[in-house]
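Protein chains: 2
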Amino acid sequence: MKKAQFDPDKAVAGTSYPPPHDEPCRGRRTWPLTRQYGLTQFGFNRVELQPGAWSTQRHWHKTNDEIVIVVSGELVLVTDDGEEVLGPGDCVAFRMNDPNAHHFQNRSDQPAVFFDIGGRDLWDVSTFPDAGFQAKPRVEIHFRPIKP
Amino acid sequence: MKKAQFDPDKAVAGTSYPPPHDEPCRGRRTWPLTRQYGLTQFGFNRVELQPGAWSTQRHWHKTNDEIVIVVSGELVLVTDDGEEVLGPGDCVAFRMNDPNAHHFQNRSDQPAVFFDIGGRDLWDVSTFPDAGFQAKPRVEIHFRPIKP
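Protein sequences appear in the order of chains D and U.
-19 is the number of the first residue of the first sequence in the numbering used here; add one for each residue after it.
-19 is the number of the first residue of the second sequence in the numbering used here; add one for each residue after it.
Next up, chain D with everything else stripped away, as it sits in the complex (with noise of 0.2 Å):
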């Protein structure tokens, strides 16, 4: 079977932001899927959101180009320009250096599902202008014996 299997106990939960901005996501689980179909030119995740869980902190990214795709339920979107509400088979997308911070809101009494595509530039800086911090990749060589 080539369709995704969303299995629970596969899910990530929360986010690895540094206390106490992880609180506000901790009704969030993800499933990662680009490893999973060997993808390389772009990220993407299936994600559930509880009632009341935000998506992310709100931030933009320096070099990569993010799509959103709601798939069921109602996530509130809240940008600079202020709030829309989005629903099953809305979509938004969000081009690099644009510094219009976003992120979603589940503020209904059911789960929202969404899916997050996202370009995947090592050298991005991801900007959280609320939470105050800014995030990007670090990247360590490991060395490893060739097999004969």
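Please note: incorrect hints may appear among the correct ones.
Put simply, identical chains are the same to the list, so a pair is met inside one copy or across any two.
Unchecked claim - Straight-line alpha carbon distances no greater than 27 Å define the calculated DSSO-like cross-link-like pairs of lysine-lysine that follow: (1) K42 / K116; (2) K(-18) / K42; (3) K127 / K(-10); (4) K116 / K(-18); (5) K(-17) / K42.
No wet-lab data here; the hints were simulated from the structure.
Note that the structure is a prediction, hence the values are computed from the model and not measured.
On the provided structure of chain D, position chain U as indicated by the hints.
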């Protein structure tokens, strides 16, 4: 408003396949969203398939990854491995250079809607084994005066 709007007047009908291979896709309408959002790292489209319509001729990409996310209706995915049914919230990905051609058929009596995300490598070659052709981008250089 940042959420995408799907104006029926802005949809692109059908495909540019050489006849008669365009026939099965006449019931397809595509909303191209990449340029609208100024994205450069990947392309994305919203696609609506009328009952009986195919998404494409069955194909695979040499150098572009692809993702399909279904938001409404029912689609039959056809690959060399056989058939499976996808509904709202389902997704599937096809990594580059995997010569297992795919497409989607709407065999239901209702329209189906999905999003398609794909790499933008201009050196990609798409192979359509059933239709018996390949497709690749033709690049032309245009010149224009520098505006002082």
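Do the hints match the structure? See the list:
When the C-alpha separation of K42 and K116 is checked against a cutoff of 27 Å, the pair qualifies only within one copy, where the shortest distance is 10 Å, while the shortest distance between copies is 31 Å. In the homo-oligomer, the alpha carbons of K(-18) and K42 lie at most 27 Å apart only across protomers (19 Å), although the nearest pairing inside one protomer, at 33 Å, exceeds that limit. Taking CA atoms no more than 27 Å apart as the test, K127 paired with K(-10) passes in neither setting, with 31 Å inside one copy and 55 Å between copies. Taking the closest pair of Cα atoms, K116 and K(-18) come within 27 Å of each other only across two copies (26 Å); inside a single copy the shortest separation is 33 Å, beyond that limit.
Taking identical chains as interchangeable, the C-alpha atoms of K(-17) and K42 lie at most 27 Å apart only when they sit on different chains, with a minimum of 21 Å there against 32 Å within one chain.
Hint compliance for this structure: hint 3 alone is broken.
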